[in-house]
Amino acid sequence: MSENKTSLSPAEEDYKNNFMPQVHRIGRGTMTLAMILSFLPVAYFIIVKGYSLPFSTYLAGIVSVSSIGIGMWLSEPEAYWPVLGSAGTYIAYLSGNVGGMRFPVATTVQKNMKADITTPKGQVVTIVGIVASVVANLIILLVIVLAGEKILSVLPDVVTAAFSFVVISMLGAMMIMNIQGRGGMKAVPGILPYIAIAIVVWIFCNKVFANMFGWGMAISVGASVAFGYTRYRSDLKKSEAAPAK
Amino acid sequence: MEAVNSMNGTIWVFAAILISLVLVQSFLFLRLALNFNKKNNLVNAVEMKSAAQTGAIAAIGPSISSIVIALSLIAMVGSATTFMRCGVIGAPGWELFMANIAAQTAGVEFGSAEFTPAIFTFCIFCMVFGSAPYFINTMVMLKPLDNMVEKAKEKKSKVSFMPYLSSSAMFGLLGYSICDYFKSAASICAIVASGLAYVLFDKFAQKTGKPIVGSFSLAVGMIAGMIVGQIITMM
Numbered sequence: 001m002s003e004n005k006t007s008l009s010p011a012e013e014d015y016k017n018n019f020m021p022q023v024h025r026i027g028r029g030t031m032t033l034a035m036i037l038s039f040l041p042v043a044y045f046i047i048v049k050g051y052s053l054p055f056s057t058y059l060a061g062i063v064s065v066s067s068i069g070i071g072m073w074l075s076e077p078e079a080y081w082p083v084l085g086s087a088g089t090y091i092a093y094l095s096g097n098v099g100g101m102r103f104p105v106a107t108t109v110q111k112n113m114k115a116d117i118t119t120p121k122g123q124v125v126t127i128v129g130i131v132a133s134v135v136a137n138l139i140i141l142l143v144i145v146l147a148g149e150k151i152l153s154v155l156p157d158v159v160t161a162a163f164s165f166v167v168i169s170m171l172g173a174m175m176i177m178n179i180q181g182r183g184g185m186k187a188v189p190g191i192l193p194y195i196a197i198a199i200v201v202w203i204f205c206n207k208v209f210a211n212m213f214g215w216g217m218a219i220s221v222g223a224s225v226a227f228g229y230t231r232y233r234s235d236l237k238k239s240e241a242a243p244a245k
Numbered sequence: 246m247e248a249v250n251s252m253n254g255t256i257w258v259f260a261a262i263l264i265s266l267v268l269v270q271s272f273l274f275l276r277l278a279l280n281f282n283k284k285n286n287l288v289n290a291v292e293m294k295s296a297a298q299t300g301a302i303a304a305i306g307p308s309i310s311s312i313v314i315a316l317s318l319i320a321m322v323g324s325a326t327t328f329m330r331c332g333v334i335g336a337p338g339w340e341l342f343m344a345n346i347a348a349q350t351a352g353v354e355f356g357s358a359e360f361t362p363a364i365f366t367f368c369i370f371c372m373v374f375g376s377a378p379y380f381i382n383t384m385v386m387l388k389p390l391d392n393m394v395e396k397a398k399e400k401k402s403k404v405s406f407m408p409y410l411s412s413s414a415m416f417g418l419l420g421y422s423i424c425d426y427f428k429s430a431a432s433i434c435a436i437v438a439s440g441l442a443y444v445l446f447d448k449f450a451q452k453t454g455k456p457i458v459g460s461f462s463l464a465v466g467m468i469a470g471m472i473v474g475q476i477i478t479m480m
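The listed protein sequences derive, respectively, from chains X and U.
Taking my numbering, I'd label the letters of the first sequence as residues 1 to 245.
Taking my numbering, I'd label the letters of the second sequence as residues 246 to 480.
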């Protein structure tokens, strides 16, 4: 190996040797526990209460849920991971609402704090921000569950109908947020190819081969990153060819 | 609803256990991040407070947006199951989807007399099973991914791959998600309106010089998009 290694700063050294292994210890431990605990109510009702159905019904349920979920199960966390980081992904997949909440929260925090997720600082602020969103979400959800019908009866129909634009509006604002964070208008030409790739992949996975929809998001991210990598290689070559300053 | 009502109380107990796990995990990660920060002085107290505020405020819009789906879920599976599934692991839309699949598989309608405790248990099983494989995925995959990034960081070169990775992944993800929610011409107007409102509010927030104002930008964009999208639909 003739590869040169950069000397890491103490913070980066600590990040790599202590922080990251800890993240995975906590993450793997809590996810194992979650796996067991989430099936607990089902086990209780079947074994203790005897609310059982024939095994064949359960098998049919497993098959239909799997056929829809499998693509997402295998690929979705990897699509969000470059934005959420590992700790963020563990928290997001335990607390839920990944695309609709943890993803925009992580993006907003990183932009406001001007910290990328690949840096130690970015990891710290993202964890703090996502944890705050977990608490806020639980409180709001509890209010909705307990008083939801009253809230809904007070809201006029026009307002509840407008909720159907919530997600697309959020994504639109996030798109602008990210363009701004990467240099504004002059970054647009560099960004367009990634968006074009995403659109092509979406059409391919939803219209041409509709049964591919579960894989689409990961394919889109994968293809964009692959394209980003070829760009990186060519920029690297250019910078190496240029005389050193 | 009889089965749902009779089991609702018991399910609250399980919901409380799972919510506790979510809070414990959050606490463990938070403690890790704070200790790490204390040792290395990366983020000062003001920035830390601002990160927490940003996270909490940015969660408000999306939390409230799920109210309509959450309520239809309550009508089907009761308040405890809705809280358990939407507060932990799942998201309202996905859980609604899973619950429907379960009922379809069992050949039963929600709220009907055939919706027995056994069917309801099966329904909860399908919702749990719909998200459980994600746990295995994260347990297996995230560590190798991090090792890969650390290796890439060690390579000494003039240009770092990291900005390329974050840009390409972000826009691949955003572009795809927008296509997913793209329904009509009103969607375009909603995107444009939310983007514009975001830019304007963000400029205003920077003028005030208070980061707390900036954390409302996303919510302002969302509200603008909702209003314009709805107006266009009604025209």
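Read the hints as simulated data drawn from the structure, not as lab findings.
Among these hints, one or two may not hold up.
Claimed, not checked - Have a look at the derived ranges for each label pair, beta carbon to beta carbon:
#1 U:Asn286 to X:Val154: 40 to 50 Å
#2 X:Phe55 to U:Val437: 27 to 37 Å
#3 X:Tyr229 to U:Thr361: 53 to 63 Å
#4 X:Ala147 to U:Phe427: 26 to 36 Å
#5 U:Gly356 to X:Gly183: 49 to 59 Å
#6 U:Phe427 to X:Asn211: 28 to 38 Å
#7 U:Lys396 to X:Lys49: 13 to 23 Å
#8 U:Glu399 to X:Lys114: 18 to 28 Å
Just so it is clear, CB atoms sit at the ideal spot from N, CA and C, and this is done for glycine as well.
We went through each hint and held it up to the structure:
no. : hint                             : result
1   : U:Asn286 to X:Val154: 40 to 50 Å : holds, 48 Å
2   : X:Phe55 to U:Val437: 27 to 37 Å  : violated, 53 Å
3   : X:Tyr229 to U:Thr361: 53 to 63 Å : holds, 54 Å
4   : X:Ala147 to U:Phe427: 26 to 36 Å : holds, 33 Å
5   : U:Gly356 to X:Gly183: 49 to 59 Å : holds, 54 Å
6   : U:Phe427 to X:Asn211: 28 to 38 Å : violated, 20 Å
7   : U:Lys396 to X:Lys49: 13 to 23 Å  : violated, 51 Å
8   : U:Glu399 to X:Lys114: 18 to 28 Å : holds, 24 Å
When each numbered hint is compared with the structure, violations occur for hints 2, 6 and 7.
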